[in-house]
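Enquirer: Here the protein sequences line up with chains A and B, keeping their order. According to the working numbering, the first sequence is numbered sequentially starting from 1. According to the working numbering, the second sequence is numbered sequentially starting from 1.
Hints should not be assumed to be uniformly reliable.
The list treats identical chains as interchangeable, and a pair is accepted whether it falls inside one copy or across any two copies.
The list that follows gives simulated cross-link-like pairs (lysine-lysine, DSS-like), each with its CA atoms no further than 25 Å apart [what the hints assert, rightly or not]:
1) K95 / K228
2) K245 / K171
3) K72 / K228
4) K59 / K95
5) K72 / K95
6) K59 / K245
7) K59 / K72
Hints were generated in silico from the structure; no laboratory data involved. It should be emphasised that the depicted structure is a prediction, and the values quoted were computed from it without experimental measurement.
Protein chains: 2
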Amino acid sequence: MNPVIDLLFSHRSIRRFTDQVIDEALFQQILRAGQAAATSSFLQGATIIRVCNVESRSKLAAYAGNQVYVEKAAEFLVFCADLKRPGNSCREYGKPFAGDYTEHFIIATVDVALMAQNLVVAAESVGLGICYIGGIRNNPREVSDLLELPQGVYPVFGLCLGYPDQDPETKPRLPLEVILKEEVYNEEGDAQRIAAYDEEVREYYRNRTGGGHGISWSEQVATLLSEKSRPHMRQFLAEQGFTMK
Amino acid sequence: MNPVIDLLFSHRSIRRFTDQVIDEALFQQILRAGQAAATSSFLQGATIIRVCNVESRSKLAAYAGNQVYVEKAAEFLVFCADLKRPGNSCREYGKPFAGDYTEHFIIATVDVALMAQNLVVAAESVGLGICYIGGIRNNPREVSDLLELPQGVYPVFGLCLGYPDQDPETKPRLPLEVILKEEVYNEEGDAQRIAAYDEEVREYYRNRTGGGHGISWSEQVATLLSEKSRPHMRQFLAEQGFTMK
């Protein structure tokens, strides 16, 4: 198609990295490329904490559910939604702070994700591999204390970056016909398409693990959605000032 | 740096489009490139509603606060967070549905944003312009009714795509030093950096409007955060099944 679209299609998460460090000037360019993403109402509601300290890395790896690549990756970034910075501007201009609506939470969280994904594309364009770490939300209080996150700031996800020491296959996605609807939401034909896709996903896992039954997409998400998921998040967010009015 | 990073740096929102349609095969490639983004726990919690119907477009433009480019753009997509699809899988496997935690809301919302930003990069790589439309959250109930969104699905934002009929400047971003923190959250030196940036933003607006005082970043975000922002969102999301336990 074109080199950019080819690059996007080549994405897969990398969980094993070489020891090679990332050139600092290059890394700064990648970070700035992240910032070039769109931002809702010009808020720029994202802050990145770059963690190099070995002890902190080790703690973060544990908090995220013992993901060793959090320790081993050349760089580890914690992406935070940040309403403190614009809150400072409220004070500066003598305005009350009302940034505790659900909408503010959405704006800041989306800002973080758009910036991160742009940064990821930039990183992959220079041969780096990445892995998002949602697992830091397993222990968001511990992560926030370690990183000294103030009120108005919460850690959305982490990101490992480094030069890949593995070359995994790309993972098949749902058929476009399933996720794209014309004019209105309509599930006609989706069950059959998803059944065929489930078989494709089973095959993907069989290839990765060298046999066995494999697990389908439907089985995985049924498990994910049938269980409590990080039930502490609501309370934690409220403590950080995201009361979601 | 490299062509991908150059592309990312060239982003600016486009709000005036030519009449040129987007080739259908190309458009499908762009959509698929969006899908190639990372997805949390393999959920793939995003659904796109593509709206071509002229009357629907006109309504959406009004719902979004009379943004005419929603009508005029070659394509308009509504990006939805979708927990209904994995919910169907729960039923299929005889499992209870527990997808009403704040965490599920975060996972699905982030999934949507990552996919959208990948799609945007693909679109811009072939010369298209885009504009995110958060304004659809002004009237999320009306948008959802029009698009027949079921329980478990909410519209996060819209996206205009088309060939640009304008060539605006890129908008300056906060200095990297302000949004990037080393090891811990630390605001040392930020006030001075933001003051200098505010002057840069004023200059940007002065150039765009041909004079006047210009408005700084700090003034804009102070206003945004000192006012109620879409206070209906919480109730609307609860009605859609996002109770945020």
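Enquirer: Next step is simple, just say for each hint if it's right about the structure.
Expert: Hint check:
1. K95 / K228: between (39 Å within a copy, 12 Å between copies)
2. K245 / K171: neither (38 Å within a copy, 31 Å between copies)
3. K72 / K228: Result: close neither inside a copy nor across copies, 30 Å intra and 43 Å inter.
4. K59 / K95: Close neither inside one copy (39 Å) nor across copies (35 Å); limit 25 Å.
5. K72 / K95: Neither. Shortest intra-copy (45 Å) and inter-copy (37 Å) distances fail the 25 Å Cα cut-off.
6. K59 / K245: Intra 33 Å, inter 28 Å, cutoff 25 Å: neither.
7. K59 / K72: This pair counts as within: shortest intra-copy Cα distance 13 Å, inter-copy 51 Å.
In this structure, the earlier hints numbered 2, 3, 4, 5, 6 are contradicted, and the remaining ones agree with it.
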